[in-house]
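**Q** Sequence:
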Amino acid sequence: MSWRSGSRGVVLTAYHPSGGAGDAPGGFQSKRHQDRNKYRRSGQYTMNHDHSKKIPDGASFDRSGSQDSLDEMSMDDYWKELENIHETRGNNHEERVALVVKEPDEGELEEEWLKEAGLSNLFGESSGDSLESMVFLSTLTRTQKAAVEKRVETVTQTMRKRNKQHQIPDVRDIFRLQNDSKGKVCDGSEPSAIRTSENKNETHDGTKGPKFSLGTDEPKSLLEDMPSSDTDINLEISFAEQAANLKDSSVGKMYRSGGGDTLLPNFRLPKDKTGTTKIGDLAPQDMKKVYSLALIELTALYDILGTEFKQQKAVKIKTKDSGLFGVPLSLLLEQDQKKVPGTKIPLIFQKLIAQIEETTLETEGLLRIPGVATRVKGLCQELEAKFYEGTFNWENVKQHDAASLLKLFIRELPQPLLTVEYLKAFQDVQNLPTRKQQLQALNLLVILLPEANRDTLKVLLEFLQRVIDHRDKNKMTLKNVAMVMAPNLFTFHGFGSKTIEQSEFVMAAGTANVMRFMIQYQKLLWTIPKFIVNQVRKQNTESQKKEKKDKAMKKLLKKMAYDREKHEKQEKTPNDTDVPQGVIRVQAPHLSKVSMAIQLTEELKASDIVARFLSQKSGNVQTLKKEEVFLYEIGGNIGERCLDDDTYMKDLYQLNPNAEWVIKPKQS
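Numbered according to the working numbering, the sequence shown spans residues 1 to 668.
Hints were generated in silico from the structure; no laboratory data involved. Note that the coordinates shown come from a computational prediction; the quantities given were computed from them, not determined experimentally.
Label-pair restraints from in silico Cβ distances:
1) GLU660 to LYS288: 18 to 28 Å
2) GLU358 to LYS273: 37 to 47 Å
3) GLY365 to ASN658: 51 to 61 Å
4) ILE369 to LYS320: 26 to 36 Å
5) GLU132 to LEU263: 46 to 56 Å
6) ASN658 to LYS473: 50 to 60 Å
7) GLY342 to ASP321: 18 to 28 Å
8) SER543 to ASP248: 25 to 35 Å
9) SER543 to GLU462: 30 to 40 Å
10) SER322 to LYS398: 20 to 30 Å
11) LYS545 to GLY342: 35 to 45 Å
12) GLU389 to GLU132: 45 to 55 Å
13) LYS273 to LYS398: 49 to 59 Å
Heads up, the beta-carbon is just placed ideally off N, CA and C, and yes, glycines get one too.
From just these sequences and the hints, can you work out the full model?
**A** Dropping the structure here:
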């Protein structure tokens, strides 16, 4: 077993020992118990990283309570799981290449960050062609803008040191350009997206348009809009803006995290009448914008809270190009999709979970009690040879062995399920001052994960919750499951160098608490905050305006409009003529009734419209169930958005009056 630390706080790592099976876990366990007792007695058994001290002076934050709760949380399950992992690796004589994590050079990290945020044309040879970036920047909040300015400034200084020949813009000029048309220069104290009370319903060209709340209004209205309860999660106001206002205002004292027990708050999302947007509800082109905004927002949040945010970078190494265990997730899905087209979760991962659940989830010690190491190793080898052939005999797999194989699959991924780029950021969530801010950071991190990693993590967390649902029988509470699973998700070979003994306990407690959060609040974590969706809407609106100013585009749009009008005149029936005010026309090409005019009322929901269509039965069209079809908002200021059942249609129509409405099955 090897324990390592990085330069910015400790990373707990474990990798293949060269001694193989000769490294007996017995001595390791004995020393671990001695060290644990030593740190408990000395009062050093905490979860605070050194860099948690970087929280700015004057911040009116309390710690999240996870430090205190640690005293009440038994860590035995965590250490036993590490010992089981150590023994499994000790019995595996095959050498594996540790992943090499590259430490970025000066300015390199910021360059990569700007590229990830879609702002690479703010520097380098393409810095002159930044119209798209100007639109993007015009929608940022004050704190988001500050995060971008900070990174651009670092890159600018680095480029000047390197004597680059291409244009190096002044960071102040970048944000000044977008305000010139308004007759004011942004001084960093006010975001360009702010609207005063006099013009908040007007667009840049003075015309009336839908109002977008980006959470960037004046502090007075921000504080008035704060949730009435500590357990309400406000998705309408930027998380970083909330943190900045809590830090600067005496009201912040009212929103401290309370309690040091192990019970987590019952966080909830206040109902949004325009509908809750989940990951997977938006079209790819809008999700790309969401990704960029989430990265900037997370960085801004970490900046405000004094926690360092750096993306790690993995150096490419040779990995297995086929098989089950130790194969890159993307490659594994490629070969699985040849067997089952469209699958998004590795087939072996799905089958192992199904195998565990096939017996019963009431088995005491499920996930905690390991399978027999030699038997698990044999099953692993047999699966590699027979799984895709369909000749593997699952009747021979005992439940605890299947659970061990599931955890082995996660650990053996060449790169962690939480990714090299963001594993450290997930770990650092424990350093944020309040539980609400920890949850907000996790929400943004889940959005940032690649689709394959995010989908697999979702299936894992849903499974873990089902195990916890049987805690009365299997004795696996949220705390127990988190303790067992944390080492499998958060310990990874390839990070850091040497360690401090205390740091083992720091990371153990911290990652176990992060694991608890991910399981407990998984439904919240897959929600896209409304303020980000509104920023996407605003970007789309601004982009459309700029496109219309282009003469060539105008000509094309005119021709398209003419062709469309001609086509519609040919296709229209008497019932499809002009739609009256307060009425929307909904299309349903997959259902019996393909089109219907719907009168908007205050109480009309998306589910009501779907139900109305489904009630129109016909034998000519394949019958679809309610859970198979959804109402979509398409066009206007959004690419495409699947609506949740409780969306109030009149409110949404006011937000996007130019949208089309279509009922169709959700694409997998």
